[in-house]
Structures are given as C-alpha cells and as structure tokens.
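Go ahead and model the full structure; you've got the sequences and the hints to work with.
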Amino acid sequence: MKKYIIQSIRLTLVLLVLLCVIYPITVAFIGKMSKGNGGGEKITKNGKTVGYALLGQSFTKPQYFWGRPSAVAYNAAGSAGSNKGPSNPDYLKEVQSRIDTLLKYNPGIKKTDIPADMVTASGSGLDPNISEQGAAIQIQRVAKARNIDAKKVKELIAMNTLKPFMGVFGPSSVNVLKLNLALDEL
Amino acid sequence: MNTELTGIIATFLLTLVIAIPLGKYLAKVFAGEKVWTDFLKPLETGIYKLSGINIKEQMNWKQQLKALLTINILWLFYGFFVLIFQDKLPFNPDGNPAMTPDLAFNTIISFVANCNLQHYSGESGVSYLTQQYVLMFLQFVSAATGIAAAVVLFKAFRDKTTTELGNFWEFFVKSITRLLLPLSLVVALILTFNGTPASYEGKDQFISLQGDTVHVSRGPAAQMIAIKHLGTNGGGYFGANSAHPFENPSYFTNMVELIAQVIIPIAMVIAFGYFIRRKKLAWTIFGVMTIGLFMLLIPMLNSELGGNPALAKMGISQTTGAMEGKEVRFGPAASAYWATVTTIISTGSVNSMHDSTMPMSGTWQLLGMMINSFYGGCGVGLLNYFIYLIVAVFISGLMVGRTPEFLGHKVEAGEIKIAAIITLLSPFLILAGTAIASYVFTSHGDAAWAVQPKSWLNNPGFHGFSEMLYEMTSSNANNGSGFEGLGDNNIFWNLSTGIVIFLGRFLPIIGPVAIAGLLGAKKFIPESAGTLKTDTKTFALMTFAVILVLNALSYFPALALGPLAEYFTMLK
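Chains A and B, in that order, are what the protein sequence lines are.
Position one of the first sequence corresponds to residue 1 (this note's numbering), numbered consecutively onward.
Position one of the second sequence corresponds to residue 1001 (this note's numbering), numbered consecutively onward.
Quick caveat, the hints were computed from the structure, so don't treat them as lab data.
Glycine included, C-beta positions come from ideal geometry on N, C-alpha and C.
A hint or two may mislead.
With a straight-line Cα cutoff of 20 Å, these simulated EDC-like cross-link-like pairs (lysine to aspartate or glutamate) come out [stated by the list, open to error]:
id: 1; chain 1: A; residue 1: LYS42; chain 2: B; residue 2: GLU1057
id: 2; chain 1: B; residue 1: LYS1572; chain 2: A; residue 2: ASP90
id: 3; chain 1: A; residue 1: LYS45; chain 2: B; residue 2: ASP1212
id: 4; chain 1: A; residue 1: LYS3; chain 2: B; residue 2: GLU1057
id: 5; chain 1: B; residue 1: LYS1313; chain 2: A; residue 2: ASP90
id: 6; chain 1: B; residue 1: LYS1454; chain 2: A; residue 2: ASP90
id: 7; chain 1: A; residue 1: LYS48; chain 2: B; residue 2: ASP1212
id: 8; chain 1: A; residue 1: LYS35; chain 2: B; residue 2: ASP1159
id: 9; chain 1: A; residue 1: LYS45; chain 2: B; residue 2: ASP1204
id: 10; chain 1: B; residue 1: LYS1034; chain 2: B; residue 2: GLU1044
id: 11; chain 1: A; residue 1: LYS48; chain 2: B; residue 2: GLU1201
id: 12; chain 1: B; residue 1: LYS1537; chain 2: B; residue 2: GLU1527
id: 13; chain 1: A; residue 1: LYS110; chain 2: A; residue 2: GLU132
id: 14; chain 1: B; residue 1: LYS1280; chain 2: B; residue 2: ASP1204
A short list of chain B residues far from chain A (calculated; beta carbon distances all over 10 Å) [claimed, not checked]:
id: 15; residue: PHE1012
id: 16; residue: ALA1031
id: 17; residue: THR1037
id: 18; residue: ASN1060
id: 19; residue: LYS1280
id: 20; residue: PHE1294
id: 21; residue: ALA1413
id: 22; residue: ILE1421
id: 23; residue: ALA1435
id: 24; residue: ALA1447
id: 25; residue: ALA1450
id: 26; residue: GLN1452
id: 27; residue: ASN1490
id: 28; residue: ALA1540
id: 29; residue: LEU1541
id: 30; residue: ALA1560
Just so you have them, the derived chain A footprint on chain B, three or more residues with Cβ under 8 Å [as the list claims (entries may be wrong)]:
id: 31; segment: 1181 to 1194
id: 32; segment: 1210 to 1217
See the structure below:
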C-alpha cells in the first residue's frame, strides 16, 4: 500500500510537468502563428478594436442589423443560454413580445417571415450569426434608416453570408458584426 | 439533400474511419506489440523511472484496483486544496475568488470521476492555474484511469486462465503517451488555428461598434477543449461549453469535436475484440451499440427539426427547427446529433442547451445517460456494457437450463451478485437522489442555502422535475451535462451530486474489474456444442433486450413524471 502511495505521488508530479507545462505551452507557442496570435482574432476599425470576429455583440439601433436575443446581453465575460424549457409560459410570453418588437420595427414583414433564430436566445448568448432569412426581414428597416437602396443592402448580406462548410455540410449563416461593419464603410 | 443532414452523416462516417484503425492500434499498444509510436518508449521509460515504477511487476485484479484507487484518492486531496486556495495562488489574471468548500468538494470529485459536472462558470469561477493544473490535468488522468481499467478486463480474457493481469501503471501511462496526449495535441492545434484562444493573456476589453464597453474572457482554452472531448470529460473552459464561439468556432470545429469525443469509446470496443482474439465479439458489441445510437438519434432529430409546437402556434417560421439554446452556425441537426452522442457517451459537453430542447429530446438524452453504455465513456463504457453482458449470459443460461459461461469461464453466484449490485446501483442513486431533491424542494423551500430550494428551478411544472432528474442522472452516469437552469451551486446539490458521482464512478469500475478478475482465474472450459456463444446475432439481440428491459423497468415512472408528461401537455 505504502509503495502505491509513493508511486502515485511521484507519477502525479511527473505527469503534471508533462500535461500541464509542456503540452499547453507547446500549443500556446505554436498558436502564436494563428490569426489573433492565439488570443482570439480581433476586428479593428480605424485602428481601434471594435470586436472579436467570433463573438456576437449587441445591436439595438435601427441602422444596424440585429443579432439574436441573448440571455446574457452579449456579455463576453459570462456566456450562457436562457435554459428556458419549451413549454414555460413566461418564456412563451417573452417570445411573443420579441415577435411583436420585430413586427413593429420592420414594416412590411409578416409573422410567417420571422425565422425562429430571431426570437430565441442562443446557447452561448454570444452567437455571432443569424440565418439568411433573419437578415432578409431587416433589409427594409436598415435601408430606410441609412437612406440607401435596399439592393445595396442585399448585396452586402450576400457578401457576408457564410455558405455551408465545403458547400455541403451544415447550415449557412450571416455574420452580423461583419455585415454591420460593411454597412458603416459604405 | 439537406446540408444539415449530410453534415451529420459525414461526421459519423469520418468517426468510423478514424476509430476502427485506432482500435486495432490500441490492441497492439496494450499487448506490447510493435507499433509506429514506439519511438515514444524512451519517454515512457523516463516516466517509470522518475516514478519508481517497475512495469514488469504483474498485478492481480485486487492490486490493480488498489493502485487505481490510491492515485485517484491522492488527486481528490490535491485538487480540493488547490481549488479552495486558488485566489491566493499564481496565474489568476482575472482575480477570480476561491471556491467554497462545498463547491470544491463537488468540482474535484466531478473531475476525478471523469464526470465534469460544473457548478461553477469557467469565466468567473476558476483561475488559469486551476483550469490547467487541476481540471485539465484530471481530464487526462481520469480518462486514462478508465482506459487502464478496461485494459485490465481485456487481460483477464486474453489467456485461458490467469491471475496476472499486467501492470496498472503501464496501461495508465501508455493511455496518455500513446493515445490521449498525441491526439490532444492535434485537436488543440486544429482548434487554435480555427479561432479558439490558446494563449495565457487575461481578460480583454473593447468598445463595440454601437458604443458599449465589452469585457472578453480568454485564456488557454484550446488545450483543455481537446482533451475534454478525447477523454469524454466534457468540462468546458467557458460557461457555455462548446456552444461558446471561442470553444467551438465553426461547423468544421464542431465536426472535429464531435469526432474527437466518439473515437476512443468505439476504438476501445474494437481493441477489446482484437486484444482477446475474438474479433466477431467486438463487432457484435459494436453493432448493438450503434443500433442504440440510431434508436436515440433518429427520434431526437425528428423532434428538434420539427421545431417547438408552442412557437409554431404563434405563427413564426421554423424551417430549420427549434432554435432556443442553439447556435446558428451548427443548426438543429448537428445540435441533436451532439446531444445524442454526448449523452450516450459520458462526455457531457454541449453545443446547445439541453434544458431548452424539446421534451421528447430530453427523454432520449436521459435514457442515453441511464443506459450509459452505447459506446459509453473512455474505457468505462465497455465496463458498463460488460455488466449487461454478464446479466444477459446469466438470463440466457437460466432460459436454456445450463450453467452460464462467458468466454470459457463459468459465471457463478459471486459474479452474478456483483453484477446485480452494479445494475441496481444506478436506479437507486438516480431515483433516490431525485426523490430527496423533490422532497426538499416541496417541503423545505425556505432552507437558508446559497440558492433557496424554492428558487432552484428555472422552469415550472413537469420541466422543473426534469431538471432535477437530469442532474442526478447526469451525476450517476458521470456525464456532466445538465439542464443548466437548475440553481445547483448550493450545499444540497454540491454534496448530493458529489456523493452520487463518486459512487457512480468507482463502484462500476470495481465491479466489472472484479468480475473479470474472478472469471479469468477460473478453469478454462473449451467450447463445445452446448456452449452459449456470445458473439452471435441472437445473443446480441438478447443483450439489447436486457438493456432495454432493465432500463425501462427502472426509469419509466420517473421519465413519465418529467419529460413525457411535458410532451403530452404540449400536445393539447
């Protein structure tokens, strides 16, 4: 028994060095060559960081495309979903009010145009994407607020749409931050 | 064809393409045969030397378990003290506080047990030191513990009669050097180059496009996310686990993480067959497990792609399916596939929030964890399946009126008793645990704990009951996912699930290893016309029936009170 205890202690120490020093530092070191140097890829505008490429952020103004509802108000220092169950009455009321808000601010759209992702909170609260349909219902509002042609907005959406992986795997999506940046640069 | 479906089909096929050769490789590694990774031998020799280990020393099953338990208990003490003092220790750039003793108790058991139930949130509850030196460390060694225990079982059936089952330390170290560490390196680098942070920089801050100040948690995440999947641990770096865009940046990384968590459990089944030179047995086991996977996956896909009927009534469009708690870049199909594999295998990482999935999906998730052996966790999945096999052998023996045998060894009263205890343990822990929690919730709602029992549940009615049932089931299965709406960071949940995790981990390791050790030591009976063959389709069906009947009888009432009741009320 005593032998096992001593072997356990020594083996644990050796493995701590291998698994917690050598392994992660190797990855961090090689990761310096990745975009964002292993600290997350940043997006800059006029030399200032305005966001991370992967992280969604809150957009509420009419001239910007809105992202999905977030249970943590896009707080990137504390991710979470809403964890609301599908039959929870309070939750269903919340969804109804989101539908009403969308209908109010996006004239001309019908209830049946609204895709589920625009009225439900994401898993992380930081979802950077919306569906193509989610972007489509906001075109008129954004075009009007910016006083530009809806066609131009449509083009930008197409440019910022990520197609399925390798064209055949998974859904397509629109990156909200990149789309809004492109709008600002017009 | 729908790109969401082609995505999951491709993921599953790629998994097989990697897992099957990996299994053959593992069989050779543990048998000490020549493999291409033998260049790592000097590293292993160094580790043995520094640790004072002589791998030529043969152990019987009792010594194996003693070694296993000794080192696991050591980790419990080590991790507990580091967690409660993390605020005073270095590498805490975000200045996160120490864990309370009850939270540390829960967390350390959870990570030693390969469960990774997390009652803290990665961004605010741990430091970079504890993320790596405690949690990630344990993700490696707990997975290696499970694999080593399974290899002990392999050893018991390789030779006709034997008590010498090899050296535990050798299996344990090789699981890390030949399998977990090299694969983790590959996966971690793939993730890093696709956007996951891997550096030690602390929190960042920026002003968003619209003018809000945003704080961003970062840190060495890629390293941990790799082993969290390969080792079927599931404990995320960030609170939202693999739904977090840093933890799982794209559909491609999602495929990588899905493949990473399934390959070792499948490989272990294949390795078993090749190691004991009964390939057909491995393929029948693999067949039963795969049918199990699809029987849970297909209905889950059906309910998630169908969308939430309550939202359908509001008149919006759910063309892709239910989206609450899901990420647009994965979509409902890949989320449902993930929810299936993460629950049948004891990973417990999530890329969508299970609390928000449809009621029937919740049923399949719970059932996957209750069965806990359709592939199952690293090593332990096979150990759990072995118990079902022994029960199936016993029942078949009774049906045909012969003394039951397994691989040439008589299965007698001693082994059956152990198998029966292990079989009954899960329903006991899950149902008694949920019953106690429900009692406290209804009768002691005002108890002065960090979260008062009356505020535990994030959802009313049947779904609230499901939250408690899920927490106990996940703990017993060492899964670690949750219906995360549950207010679980308080003394009741920390202690109760800690105890459930501990028992649900170590007894189901001790039991099968003991049975294998006992059987392996018995006289070998050559196969004859009267032998019950365990590698036939008939016997596979028998095992499947045993799994279904045992679990249906144990859990149907609890499932009926939770997700099934919610499902039927939503039909109205």
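Here is how each hint holds up against the structure:
no.: 1; hint: A:LYS42 x B:GLU1057; in the structure: violated, 54 Å
no.: 2; hint: B:LYS1572 x A:ASP90; in the structure: holds, 18 Å
no.: 3; hint: A:LYS45 x B:ASP1212; in the structure: holds, 15 Å
no.: 4; hint: A:LYS3 x B:GLU1057; in the structure: holds, 13 Å
no.: 5; hint: B:LYS1313 x A:ASP90; in the structure: holds, 16 Å
no.: 6; hint: B:LYS1454 x A:ASP90; in the structure: holds, 17 Å
no.: 7; hint: A:LYS48 x B:ASP1212; in the structure: holds, 14 Å
no.: 8; hint: A:LYS35 x B:ASP1159; in the structure: violated, 53 Å
no.: 9; hint: A:LYS45 x B:ASP1204; in the structure: holds, 17 Å
no.: 10; hint: B:LYS1034 x B:GLU1044; in the structure: holds, 15 Å
no.: 11; hint: A:LYS48 x B:GLU1201; in the structure: holds, 19 Å
no.: 12; hint: B:LYS1537 x B:GLU1527; in the structure: holds, 18 Å
no.: 13; hint: A:LYS110 x A:GLU132; in the structure: holds, 16 Å
no.: 14; hint: B:LYS1280 x B:ASP1204; in the structure: violated, 55 Å
no.: 15; hint: PHE1012; in the structure: holds, 12 Å
no.: 16; hint: ALA1031; in the structure: holds, 22 Å
no.: 17; hint: THR1037; in the structure: holds, 16 Å
no.: 18; hint: ASN1060; in the structure: holds, 14 Å
no.: 19; hint: LYS1280; in the structure: holds, 34 Å
no.: 20; hint: PHE1294; in the structure: holds, 20 Å
no.: 21; hint: ALA1413; in the structure: holds, 30 Å
no.: 22; hint: ILE1421; in the structure: holds, 25 Å
no.: 23; hint: ALA1435; in the structure: holds, 21 Å
no.: 24; hint: ALA1447; in the structure: holds, 22 Å
no.: 25; hint: ALA1450; in the structure: holds, 18 Å
no.: 26; hint: GLN1452; in the structure: holds, 18 Å
no.: 27; hint: ASN1490; in the structure: holds, 17 Å
no.: 28; hint: ALA1540; in the structure: holds, 32 Å
no.: 29; hint: LEU1541; in the structure: holds, 34 Å
no.: 30; hint: ALA1560; in the structure: holds, 16 Å
no.: 31; hint: 1181 to 1194; in the structure: holds (count 7)
no.: 32; hint: 1210 to 1217; in the structure: holds (count 6)
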